Amino acid sequence: MCAGASNGIIVLESLQQIPQESSNTRLFMTGRPQVRGEVEKKFHGAATFIPIRPTEDGVVRYLRDELQNDTTPEIMSSTLEAEIMKTIPEMDSETYVETGVRKGLR
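Following our numbering, the numbering of the sequence shown begins with 400 at its first residue and continues without gaps.
No wet-lab data here; the hints were simulated from the structure. Any given hint could turn out to be false.
What the hints assert, rightly or not - Here are the simulated SDA-like cross-link-like pairs (lysine to any residue), alpha carbons at most 25 Å apart as the crow flies:
#1 441 - 430
#2 440 - 407
#3 440 - 424
#4 440 - 430
#5 440 - 413
#6 440 - 469
#7 441 - 461
#8 441 - 451
#9 441 - 469
#10 485 - 453
#11 485 - 461
#12 485 - 456
#13 485 - 469
#14 440 - 456
#15 440 - 451
#16 485 - 465
All of these numbers come straight from a predicted model, not from anything done at the bench.
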């Protein structure tokens with residue numbers, strides 16, 4: 400979901416109704432950091448977040464697997480592949496897991 404996208408807001412508004420209608424229900428969501436503000440706003444601060452960051456080694460392994468399974472390897476130059484393997488693991492990648500929404504939301 401893109402933060403600020405109208406469809407994403409509609410999804411969050413729909414999800415917001417679930418704990419109101421069924422107080423024993425917990426929601427588990429994942430998203431990029433920019434979505435966190437929208438989730439906090441829609442759930443009135445009742446959400447708990449856990450930041451999850453991949454290890455650099457995990458990112459490198461994932462990239463190697465993806466590059467090895469590339470269906471069009473002939474269009475990838477060795478320079479581009481080296482740049483991908485250098486740049487992407489250095490990027491700060493963070494995902495939040497929303498771990499629960501408390502009862503009694505308004």
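Going through the hints against the structure:
no.	hint	result
1	441 - 430	holds, 15 Å
2	440 - 407	holds, 13 Å
3	440 - 424	holds, 19 Å
4	440 - 430	holds, 15 Å
5	440 - 413	holds, 14 Å
6	440 - 469	violated, 40 Å
7	441 - 461	violated, 34 Å
8	441 - 451	holds, 22 Å
9	441 - 469	violated, 40 Å
10	485 - 453	holds, 16 Å
11	485 - 461	holds, 13 Å
12	485 - 456	holds, 12 Å
13	485 - 469	holds, 18 Å
14	440 - 456	violated, 35 Å
15	440 - 451	holds, 21 Å
16	485 - 465	holds, 15 Å
Consistency note: the structure conflicts with the earlier hints numbered 6, 7, 9, 14.
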